[in-house]
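Just so we're aligned, residue 0 is where the sequence shown starts under numbering that gives the first Met the number 0, counting upward by one.
Calculated from the structure, these hints are not laboratory results. Using N, Cα and C, we set each Cβ at its ideal position, and we do this for glycine too. Honestly, I wouldn't trust all of these hints.
Quick list of simulated restraints, FRET-style, between CB atoms [claimed, not checked]:
#1 74 <-> 50: 35 to 41 Å
#2 93 <-> 35: 52 to 58 Å
#3 23 <-> 149: 46 to 52 Å
#4 36 <-> 134: 46 to 52 Å
#5 34 <-> 58: 17 to 23 Å
#6 54 <-> 29: 33 to 39 Å
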Amino acid sequence: MKFACRQPKRGHHPRLKLQRGVSLLEVLIAVLVLSLGLLGVAGLQTANIRNTQSAHQRTMAVLLASSMAERIRANATAAVNGNFALPLRCSAMSAGASIQSVEHASWLTEIMTAFGNSGTSCGGVTYNAATRTYIVTVQWDDSRALGGSTTMTITHVARI
C-alpha cells in the first residue's frame, strides 16, 4: 500500500502562515536585556577604576611611610635623641639647617605630590623614648573609592 504525500501548493506552506519573522515585542525585549547587561558591565568597570586608584594610593602610603622609617634608621645618632619627631602636618614646610628638617620637608613634599595638596594629605612622626620606636603616620583622603568622606591612615613602626 502506497501513501501519497500531498504536496502543498507553491507559496502556500501552512507553517509559513504561522510565523513570518520576529515580532517587534521580541526585539524590544532583547534590546532591553542587552542594555541592562551593558549597564551592569559599565558599573563594574567604574567600581574597578575607583578600587584600583585606592589600591595605588595605599601602596604609595606604605612606600612613603617606609621611606621616612629608612631615613630615621639612616641617621641613628639623631634618631636616638628624638630629633625626627614631627607633629602631624598637612602642608609643606621649608627645609631648615638640620638634616631632620631637610628630610621632613622632602618627605612632606613627596606626600603632597602623591596625594595632592588638598589639606587632607598629611604626615607625622612620633617618638617613644622608652621603647626607642618611631611611629610614622601617613594620612590621605580616600573618599572617591569608599564613596564618602573618609580619611585613610597608614602607620609604620621603626625601631632604632
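A quick look at each hint next to the structure:
no.	hint	result
1	74 <-> 50: 35 to 41 Å	holds (38 Å)
2	93 <-> 35: 52 to 58 Å	holds (56 Å)
3	23 <-> 149: 46 to 52 Å	holds (49 Å)
4	36 <-> 134: 46 to 52 Å	holds (49 Å)
5	34 <-> 58: 17 to 23 Å	violated (36 Å)
6	54 <-> 29: 33 to 39 Å	holds (37 Å)
Of the hints listed earlier, the one the structure fails to meet is number 5.
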